[in-house]
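Number of protein chains: 2
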Amino acid sequence: MAKNKVRLIPLGGLGEIGKNMLVVEHQDDILVVDAGLMFPENEMLGVDLVIPDVSGIVVTHGHEDHTGAIRHVMNEFDAPLFATPLTRGLLEVKLQRGGLLEKARINTINAGDRVDIGPFGVEFFHVCHSIPDGVGLGITTPAGLIVHSGDFKFDHTPVDGRLTDFAKLSQLGGQGVLALLSDSTNAETPGYTPSEKMVSEMFDRVFPKAPGRIIVATFASNISRIQQVIEAAIKHDRRVGIVGRSMVENVRMARDLGYLEVPEGVLLKAEEINRLPGEKVAIVTTGSQGEPTSALARMANGDFRLLQIEKDDTVIISARPIPGNEELVNHIINNLFKLGADVLYDQLLDVHVSGHASQEEEKLMLNLLRPRYFIPIHGEYRHLMLHAKLAFEVGIPPDNIFVIENGQVVEFEQRGARLNGTVPAGYVLVDGIGVGDVGQVVLRDRRLLSQDGVVIVTITVDKQTGRPLTEPDIISRGFVYEREAEGLLEAAREQVTAALEDSVSHTAEWSFINTRIKETLGKFFYDQTHRRPMILPVVMEV
Amino acid sequence: MAKNKVRLIPLGGLGEIGKNMLVVEHQDDILVVDAGLMFPENEMLGVDLVIPDVSGIVVTHGHEDHTGAIRHVMNEFDAPLFATPLTRGLLEVKLQRGGLLEKARINTINAGDRVDIGPFGVEFFHVCHSIPDGVGLGITTPAGLIVHSGDFKFDHTPVDGRLTDFAKLSQLGGQGVLALLSDSTNAETPGYTPSEKMVSEMFDRVFPKAPGRIIVATFASNISRIQQVIEAAIKHDRRVGIVGRSMVENVRMARDLGYLEVPEGVLLKAEEINRLPGEKVAIVTTGSQGEPTSALARMANGDFRLLQIEKDDTVIISARPIPGNEELVNHIINNLFKLGADVLYDQLLDVHVSGHASQEEEKLMLNLLRPRYFIPIHGEYRHLMLHAKLAFEVGIPPDNIFVIENGQVVEFEQRGARLNGTVPAGYVLVDGIGVGDVGQVVLRDRRLLSQDGVVIVTITVDKQTGRPLTEPDIISRGFVYEREAEGLLEAAREQVTAALEDSVSHTAEWSFINTRIKETLGKFFYDQTHRRPMILPVVMEV
Numbered sequence: 001m002a003k004n005k006v007r008l009i010p011l012g013g014l015g016e017i018g019k020n021m022l023v024v025e026h027q028d029d030i031l032v033v034d035a036g037l038m039f040p041e042n043e044m045l046g047v048d049l050v051i052p053d054v055s056g057i058v059v060t061h062g063h064e065d066h067t068g069a070i071r072h073v074m075n076e077f078d079a080p081l082f083a084t085p086l087t088r089g090l091l092e093v094k095l096q097r098g099g100l101l102e103k104a105r106i107n108t109i110n111a112g113d114r115v116d117i118g119p120f121g122v123e124f125f126h127v128c129h130s131i132p133d134g135v136g137l138g139i140t141t142p143a144g145l146i147v148h149s150g151d152f153k154f155d156h157t158p159v160d161g162r163l164t165d166f167a168k169l170s171q172l173g174g175q176g177v178l179a180l181l182s183d184s185t186n187a188e189t190p191g192y193t194p195s196e197k198m199v200s201e202m203f204d205r206v207f208p209k210a211p212g213r214i215i216v217a218t219f220a221s222n223i224s225r226i227q228q229v230i231e232a233a234i235k236h237d238r239r240v241g242i243v244g245r246s247m248v249e250n251v252r253m254a255r256d257l258g259y260l261e262v263p264e265g266v267l268l269k270a271e272e273i274n275r276l277p278g279e280k281v282a283i284v285t286t287g288s289q290g291e292p293t294s295a296l297a298r299m300a301n302g303d304f305r306l307l308q309i310e311k312d313d314t315v316i317i318s319a320r321p322i323p324g325n326e327e328l329v330n331h332i333i334n335n336l337f338k339l340g341a342d343v344l345y346d347q348l349l350d351v352h353v354s355g356h357a358s359q360e361e362e363k364l365m366l367n368l369l370r371p372r373y374f375i376p377i378h379g380e381y382r383h384l385m386l387h388a389k390l391a392f393e394v395g396i397p398p399d400n401i402f403v404i405e406n407g408q409v410v411e412f413e414q415r416g417a418r419l420n421g422t423v424p425a426g427y428v429l430v431d432g433i434g435v436g437d438v439g440q441v442v443l444r445d446r447r448l449l450s451q452d453g454v455v456i457v458t459i460t461v462d463k464q465t466g467r468p469l470t471e472p473d474i475i476s477r478g479f480v481y482e483r484e485a486e487g488l489l490e491a492a493r494e495q496v497t498a499a500l501e502d503s504v505s506h507t508a509e510w511s512f513i514n515t516r517i518k519e520t521l522g523k524f525f526y527d528q529t530h531r532r533p534m535i536l537p538v539v540m541e542v
Numbered sequence: 001m002a003k004n005k006v007r008l009i010p011l012g013g014l015g016e017i018g019k020n021m022l023v024v025e026h027q028d029d030i031l032v033v034d035a036g037l038m039f040p041e042n043e044m045l046g047v048d049l050v051i052p053d054v055s056g057i058v059v060t061h062g063h064e065d066h067t068g069a070i071r072h073v074m075n076e077f078d079a080p081l082f083a084t085p086l087t088r089g090l091l092e093v094k095l096q097r098g099g100l101l102e103k104a105r106i107n108t109i110n111a112g113d114r115v116d117i118g119p120f121g122v123e124f125f126h127v128c129h130s131i132p133d134g135v136g137l138g139i140t141t142p143a144g145l146i147v148h149s150g151d152f153k154f155d156h157t158p159v160d161g162r163l164t165d166f167a168k169l170s171q172l173g174g175q176g177v178l179a180l181l182s183d184s185t186n187a188e189t190p191g192y193t194p195s196e197k198m199v200s201e202m203f204d205r206v207f208p209k210a211p212g213r214i215i216v217a218t219f220a221s222n223i224s225r226i227q228q229v230i231e232a233a234i235k236h237d238r239r240v241g242i243v244g245r246s247m248v249e250n251v252r253m254a255r256d257l258g259y260l261e262v263p264e265g266v267l268l269k270a271e272e273i274n275r276l277p278g279e280k281v282a283i284v285t286t287g288s289q290g291e292p293t294s295a296l297a298r299m300a301n302g303d304f305r306l307l308q309i310e311k312d313d314t315v316i317i318s319a320r321p322i323p324g325n326e327e328l329v330n331h332i333i334n335n336l337f338k339l340g341a342d343v344l345y346d347q348l349l350d351v352h353v354s355g356h357a358s359q360e361e362e363k364l365m366l367n368l369l370r371p372r373y374f375i376p377i378h379g380e381y382r383h384l385m386l387h388a389k390l391a392f393e394v395g396i397p398p399d400n401i402f403v404i405e406n407g408q409v410v411e412f413e414q415r416g417a418r419l420n421g422t423v424p425a426g427y428v429l430v431d432g433i434g435v436g437d438v439g440q441v442v443l444r445d446r447r448l449l450s451q452d453g454v455v456i457v458t459i460t461v462d463k464q465t466g467r468p469l470t471e472p473d474i475i476s477r478g479f480v481y482e483r484e485a486e487g488l489l490e491a492a493r494e495q496v497t498a499a500l501e502d503s504v505s506h507t508a509e510w511s512f513i514n515t516r517i518k519e520t521l522g523k524f525f526y527d528q529t530h531r532r533p534m535i536l537p538v539v540m541e542v
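Top to bottom, those sequences are chains A and B. If you're matching positions, the first sequence starts at 1 in our numbering and goes up one per residue. If you're matching positions, the second sequence starts at 1 in our numbering and goes up one per residue.
No lab work stands behind these hints: they were computed from the structure. What you are looking at is a predicted structure, and each value in this text was computed from that prediction instead of being measured. Careful, some of the hints might be misleading.
Identical copies go unnamed one by one, so any copy, or any two together, can satisfy a pair.
[Unchecked claim] Calculated cross-link-like contacts (lysine to any residue; reagent style SDA-like; alpha-carbon spacing at most 25 Å):
#, residue 1, residue 2
1, 363, 267
2, 389, 326
3, 463, 519
4, 311, 160
5, 94, 188
6, 363, 192
7, 463, 493
8, 235, 532
9, 311, 463
10, 311, 419
11, 235, 270
12, 463, 473
13, 3, 339
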């Protein structure tokens, strides 16, 4: 590889929600930025989580979609981690839970720091986001300066008072930026993203009017939002209960590190929550994405022991559903209403603002840095395309804009940048305990099973002749209700018997009998029901 | 039943998207309003469509979620249908396809007509909606006047020039309305729903700038939107191709009935579409909800023969995704971008306006009619609750507002209205050919299968002693990839053998062996993988 050649590869990093992982490669050195988990998509039936399969890492901020895969990759790599104090704290909560904390070599960095990681000089600058202590990266590489925006917005009145570092961005722009990689999540949204302050204003309107308890659901990592609830509670004379395991852990950690200011006497112990009158209580809890095992989902189902929803409760869902989670969230809202609560959510009120830059801010980032090349990152393909259009509008030539998908390689050399092939960048699927043991075949089968169910045909045949020795037995699951479909299954049995008796040359060839059963029943069931269950013949030879 | 007692029962009609069916009952007479199909929910795996199981019908307008179940209920009931000309035309297209057109007794009615249906006098009044020829109903019953809004909005500049009938609403209000049942779909949306005219204005901005073909996807029943595309095409010198079977059928029918004005020479035959230069072509097609077999989905996949997406194409998705369809639609948008098209959709531009009243219009309806009782209909539970709040705000006493779910009965008598029990109102599930042959058990099984797959254990045992005669055989689908999990399955086999050898008292009791295998493997697989596949023992006795 040429001396100054640098390759950028999104790995499980671009193109869809979550993963946000990037590899920066020079000769034998690899720098990885972020390693997140995506929420499983609808198509990945029964798979809990999805992680990319590479490691060695700078972490830009503490959200799950940038840190969630780290405890998994820790098992495979032994690279040092670099993170700001809060990000480190959130990581440690996760690693502790997986028993991996001792193994981890985490270096604390702060915005303004510069560290050398192999041949790369990495400078961290502060960016506003929906979590404190986020950073973007100025990466000095042998090919030139590459800037990674992190997840950002330009909030002029952030909860913690720390602005996105305009000065540093201008300074980097002055140095000459080879390439900018910038957050595309909100490329569909015109204008500016409102400040987090808007949410505090909403709390100030809602808190005084709520007749009973106020229950705010948000992400456990959304430390600023938790701070806002605590401040509103103090202002309006309520005490605060923290509910949900990850919420409790994160609040403790953020408080210890000084990222959450909670005066003594504000927090309620679990057993105190039900002792105070409702109008003196605010609750912060998990479940804003409708996660079925979260505290909020259990409250909505009426099976959360600590807290039963009552008529005067006001529930605020302070988040926007991630695409695909809408139905889960709506289901919970419907159930909370049925239990008599008042529910305030995204559609009704400014209960949430996005943590990501909208179009005008994306243009501002581009204009502050004036990069030679632009690579939109974070978001689905349409977001990347729309972000690319914005870059074109502010003057980046179309040939210098790379809209790339997972595993596509952008190579930088003296004479310029170009796409140069792809590397395998499939996801590793985490399902239950194991990592990587659910493949496409298994997922495809689950999808088939979920559509028309399964029919199992058991038959004993003569080892020599292949002739059936018994009537076939048929069991079905997820296909038809057996008690009501006896006639159908009886007829199916006859079809199988006839097909095997019928066959011109009897044979003990297992695959022949197998295929014959599948074909016969496949056609028969489709004719009768227009469904295509998975057919599994079990042939016993005696 | 008392002489003037009238019961209202939503049946597959309230509480969720789609179904919108209502029963009005007096003594032995039943009037049914609408019978729609809902889009299957995520939870109903593999079920194509869902219908309520009652019939005999006034149809308010021609949308699928109000008419889709009619061809199914036709088979069970022989009640006359009442519909306006366009609604009738759309119904006939559907019935023709099912071979049911001869059986149907359809009466054409028009807004302004009044017909007696049993003891009910039904007056039809025009309402604006996203389809022409919609009506609301004034139903004179022995208990008093009940008004059903239909799906409505107050559009002051509708495409067909016909306003919602304010005069009739005021007149009904003057007569004294016992109860109003009103559309709650947009109860989350403040203000007024914009006029359909806004979409024409968008077309006027987009059409002149598009460098190649314009492809507009919308509902096949959205005759007004199709009219708008045709008008924009004529204005901007393009000819129009109609693509997708239901689109072609509906356009032909609406044109025959005079609901669609298309000058000669505007429509393109299928074979002409690719002959004209792109900038002379506009296409109207189906697939705006991401339906996987629709023309648009196939274009996005690159497997639609008639029309390949090209670089200069502009695709306008002129609809809003129905909750639950977001991911399907997003997937198509991503793929269209990947094929090089420009895509305009809901998030970016006013490509669509809702056909339903927003909060201020809902209040206007309430104030025009000043009903004694109010029952919000159409929408999920949260929409009904929010609509109820609006009714309370305009002065309906809380005790006179009934937020009810499917099957709940509201009974009207001289002394007033009250909730009086429920009737069974489950859905009938249509899956493949049969109606009603997929029950909860089958759906539950599909859900289980879709999560962790299935493991089938086959073993031959001695008929007398229950001792295993063979090693057990294990097949799995959707659980683990067998080639990679040989060790796990081998260990599972040993577990089964040991468990059966082990059992204190051998027995040929089938259920005992069955249970033993299930328990053993259930525990073993959970320990090893944290998954819970469905375990199906197949025990053969010889």
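Hint check results:
1. 363 - 267: So residue 363 and residue 267 fail the 25 Å test inside a copy (42 Å) and across (42 Å) alike.
2. 389 - 326: between (28 Å within a copy, 23 Å between copies)
3. 463 - 519: within (22 Å within a copy, 32 Å between copies)
4. 311 - 160: Result: close neither inside a copy nor across copies, 35 Å intra and 46 Å inter.
5. 94 - 188: neither (32 Å within a copy, 38 Å between copies)
6. 363 - 192: The answer is within: 10 Å in one copy meets 25 Å, while 33 Å across copies does not.
7. 463 - 493: Classified as both; 21 Å inside a copy, 23 Å across copies.
8. 235 - 532: neither (61 Å within a copy, 48 Å between copies)
9. 311 - 463: Close neither inside one copy (70 Å) nor across copies (61 Å); limit 25 Å.
10. 311 - 419: This pair counts as between: shortest inter-copy Cα distance 20 Å, intra-copy 59 Å.
11. 235 - 270: within (22 Å within a copy, 67 Å between copies)
12. 463 - 473: Answer is both: 18 Å inside a copy and 17 Å across each meet the 25 Å cutoff.
13. 3 - 339: The answer is neither: 66 Å in one copy and 36 Å across copies each exceed 25 Å.
Consistency with the previously given hints fails for numbers 1, 4, 5, 8, 9, 13, ordered from lowest to highest.
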